[in-house]
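Peer 1: Spelled out, the chains give:
Number of protein chains: 2
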Amino acid sequence: MKATVITIGDEILIGQIIDTNSAWLGEQLSLLGIKVHQIVSISDTVEAIKLTIAQQMLTSDIIILTGGLGPTKDDITKKALAEHFDSDMVFDDKTYGRIKKYFDSRGIPMLEAHKEQCYMPSKAEILDNDLGTAPGMLFSIEGKMVLSMPGVPYEMKWIFQNSFLPLYKKRLPSEKFIYHRTIKTVGRGETTIAENISDILEQLPTHMSIAYLPSIGSVRLRLSSISDQDTSQEVDTYVSTIKKKLGNIVYGMDSDKLEASVLDLYRKKSMTLATAESCTGGLVAHRLTSVPGSSQVYQGSIVSYSYGLKEKLLIVSHDTLIKEGAVSENTVVEMLNGLLESTSVDVGVAISGIAGPGGGTPDKPVGTIWMAWGRKGNIKTKLLNLSKNRKLNIEYTSVAALNALRLFAIEHC
Amino acid sequence: MKATVITIGDEILIGQIIDTNSAWLGEQLSLLGIKVHQIVSISDTVEAIKLTIAQQMLTSDIIILTGGLGPTKDDITKKALAEHFDSDMVFDDKTYGRIKKYFDSRGIPMLEAHKEQCYMPSKAEILDNDLGTAPGMLFSIEGKMVLSMPGVPYEMKWIFQNSFLPLYKKRLPSEKFIYHRTIKTVGRGETTIAENISDILEQLPTHMSIAYLPSIGSVRLRLSSISDQDTSQEVDTYVSTIKKKLGNIVYGMDSDKLEASVLDLYRKKSMTLATAESCTGGLVAHRLTSVPGSSQVYQGSIVSYSYGLKEKLLIVSHDTLIKEGAVSENTVVEMLNGLLESTSVDVGVAISGIAGPGGGTPDKPVGTIWMAWGRKGNIKTKLLNLSKNRKLNIEYTSVAALNALRLFAIEHC
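From first to last, the protein sequence lines are chains A and B.
To convert, note that position 184 of the first sequence is 191 in my numbering; the numbers rise steadily by one, no gaps.
To convert, note that position 402 of the second sequence is 409 in my numbering; the numbers rise steadily by one, no gaps.
There could be a bad hint or two in this list.
It does not matter which identical chain is used: a pair holds within one copy or between any two.
30 Å max Cα-Cα, derived DSSO-like pairs, lysine-lysine [claimed, not checked]:
#	residue 1	residue 2
1	Lys164	Lys264
2	Lys371	Lys108
3	Lys130	Lys251
4	Lys177	Lys395
5	Lys122	Lys250
6	Lys251	Lys122
7	Lys130	Lys101
8	Lys275	Lys395
9	Lys107	Lys276
10	Lys107	Lys252
11	Lys57	Lys151
12	Lys101	Lys264
13	Lys395	Lys264
14	Lys108	Lys398
15	Lys264	Lys398
16	Lys42	Lys398
17	Lys319	Lys387
18	Lys398	Lys176
19	Lys371	Lys330
20	Lys130	Lys42
21	Lys107	Lys164
22	Lys86	Lys9
23	Lys86	Lys42
24	Lys387	Lys151
25	Lys107	Lys130
26	Lys107	Lys389
27	Lys57	Lys42
28	Lys319	Lys383
29	Lys251	Lys276
Rather than coming from a laboratory, the hints here were simulated on the basis of the structure.
Take these sequences, add in the hints, and give me the full structure.
Peer 2: Pasting the structure below:
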């Protein structure tokens, strides 16, 4: 079973938005054992859509389109599909009722443009959309499925999971065994990891492969197997062997997140956390609080971006700031002590650095970042020498801070 | 001049990473007046790469590939290109020297896998990469250019801007006039905006088009023109007319960011800002501090995720928290007053809500968010009733908070 994901919109081609829909759909289709062999982004013209559907119908069993369905003038996917499949347009009462109810509940009057949306291709099954006005459409032609959904990510996801999946599962059972596991590591580079496990990888059978997926401060290792048989146990055995070899640079598997693994470690020990951030400006806090249920462990952050707030809220001495600067070992140690004092948490991390592009000096260039972490009586510090790139520095430092908290929980709590 | 961007890697197709390279390249090519007519993501196999290059060579003048160049075993793009263009592999001394220097400066020994990287197709021009080990490659064949770069975004960007662009500009002058302007709005939906400016849009000449690009809490309007003549002035006139009609929902143009526009407004008034965040968990702080130079205006945030920190750091009364709850109008007003008191900034915003998925009650369901903002003696409050989706609630609230600060600066400062 092969699939193509087509995302529609000039805004993708000219780089004004990043296409996140295709990654999400790629993952969902993988989980169904369907191989996505291409993702294609095309222009929002009827011609481009028709041509691409015709091409992809030659090789794919399932084609999923997102984008170009909506009440405004750039709504053209529906027109292209109706033309390609030679389908009449009919007024769909159910869609009308659903959209009307959606607007009534929000006290918004229904506009002429919204009524236009209720004309649908007669050859399509109309798929409910509870989060927006444009419904999905499913064409089942010549044993193939063509699914069209609006481009707004949360609407697309809702339609896929609630309207499409139940239909799909009824109609098409899977056939091939595709199995992926991803080992998540932090704190070492791709090449070092590859050398470390090269003896294990030499023994990999031919139906299995490995890929290295580096991102800022971390590397994911994906083991994949495609086979006529269920090879999940075999893959899991390799995963265990690799994890053992890599040791505590491994923080989790598959969709595990670094921030969640940090919170889990402290939750198990019934300990609380807080952060004091300067150059990372709340990113560590944002990452920790993006995890549902984080409030059990994580108490909060003092983002002391200015000298004044470092003194007022974190009790950093004026003397230290003047003599050694806001980016210094003593400042982060005082920030951490102030944080532990004012929040009464068990463990914390304090960060101060020069993210750039401005603010660098000859002896403290952009990319100079100090971190302190730990608990009362056991404080660690580290100096990071990073890049000239502000965004990269902020992101890398947030990963380093989370990893410091993670290793502290394992080694010192 | 037509271009195709090809991103390579099973990790893209199965959704383990989001392809951000193609958006960035799409924008760069647009700025050069080159029309990207397709973005294609394919599997990291020699066959898929060769087939896709052959297909795209039929219609595109410029083909840009990213991914699959690197020291680990999934490095296959170079092999596919050498095979497709029937090119020998030769040891490239310059690449060897560059990689050796890169490692020496970091005190890391050069591994066998890194030496393998120095064999390059003899038909390619080798493009320097100052930020990593894998260089870029440029094939100039039959009047077309095929550029291959590693998939790590910052390396790819560096090679494109520093090694490729100077070569490109020397060889191929542009011919068509492509002009885009984007009006950025916040606080109104796509359909409402479309109705508001429908009379203006009816007069658009045929070489101009408009697209609505909605994202959480905001909508961008992109006006595009493709013509044999320079129509930039004509587009700019339409932009002015639309901006005037839309009023103060417009916060900027093109690559302007909402957070930067907030900081600019307060910078011009020499006023300072701080934030008190609960459910947004530092995201407002992170967004504001992601802007270079934000420290002139933005002093910091108190992320009081727990009841305890709301009382300790923001002086919210225990009574209010117990009687009315952490998510209540009085709590956010007290948070704001505490923030203004403890940080001495001019203007602030305080946020407390139930982001979900847990924590909802019958009278305060998930998605209930209170905000207070303003200065001493002039405090505004607002209740948001949002969705069940944690990520969406956090993102939307951060936009609403930034917009509240923006409008407060315009109307009350």
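Peer 1: Each hint needs a verdict: does it hold in this structure or not?
Peer 2: Structure-based check of each hint:
no., hint, in the structure
1, Lys164 with Lys264, "both (21 Å within a copy, 27 Å between copies)"
2, Lys371 with Lys108, "between (60 Å within a copy, 23 Å between copies)"
3, Lys130 with Lys251, "neither (55 Å within a copy, 44 Å between copies)"
4, Lys177 with Lys395, "between (54 Å within a copy, 28 Å between copies)"
5, Lys122 with Lys250, "between (56 Å within a copy, 27 Å between copies)"
6, Lys251 with Lys122, "between (60 Å within a copy, 28 Å between copies)"
7, Lys130 with Lys101, "within (16 Å within a copy, 61 Å between copies)"
8, Lys275 with Lys395, "between (38 Å within a copy, 28 Å between copies)"
9, Lys107 with Lys276, "neither (52 Å within a copy, 46 Å between copies)"
10, Lys107 with Lys252, "between (59 Å within a copy, 28 Å between copies)"
11, Lys57 with Lys151, "both (16 Å within a copy, 27 Å between copies)"
12, Lys101 with Lys264, "neither (41 Å within a copy, 40 Å between copies)"
13, Lys395 with Lys264, "both (27 Å within a copy, 21 Å between copies)"
14, Lys108 with Lys398, "between (44 Å within a copy, 26 Å between copies)"
15, Lys264 with Lys398, "both (20 Å within a copy, 15 Å between copies)"
16, Lys42 with Lys398, "between (34 Å within a copy, 28 Å between copies)"
17, Lys319 with Lys387, "both (24 Å within a copy, 26 Å between copies)"
18, Lys398 with Lys176, "between (43 Å within a copy, 28 Å between copies)"
19, Lys371 with Lys330, "within (14 Å within a copy, 50 Å between copies)"
20, Lys130 with Lys42, "within (26 Å within a copy, 34 Å between copies)"
21, Lys107 with Lys164, "within (22 Å within a copy, 47 Å between copies)"
22, Lys86 with Lys9, "both (25 Å within a copy, 25 Å between copies)"
23, Lys86 with Lys42, "both (28 Å within a copy, 24 Å between copies)"
24, Lys387 with Lys151, "neither (60 Å within a copy, 55 Å between copies)"
25, Lys107 with Lys130, "within (23 Å within a copy, 62 Å between copies)"
26, Lys107 with Lys389, "between (59 Å within a copy, 27 Å between copies)"
27, Lys57 with Lys42, "both (23 Å within a copy, 19 Å between copies)"
28, Lys319 with Lys383, "both (20 Å within a copy, 19 Å between copies)"
29, Lys251 with Lys276, "within (24 Å within a copy, 58 Å between copies)"
Consistency note: the structure conflicts with the earlier hints numbered 3, 9, 12, 24.
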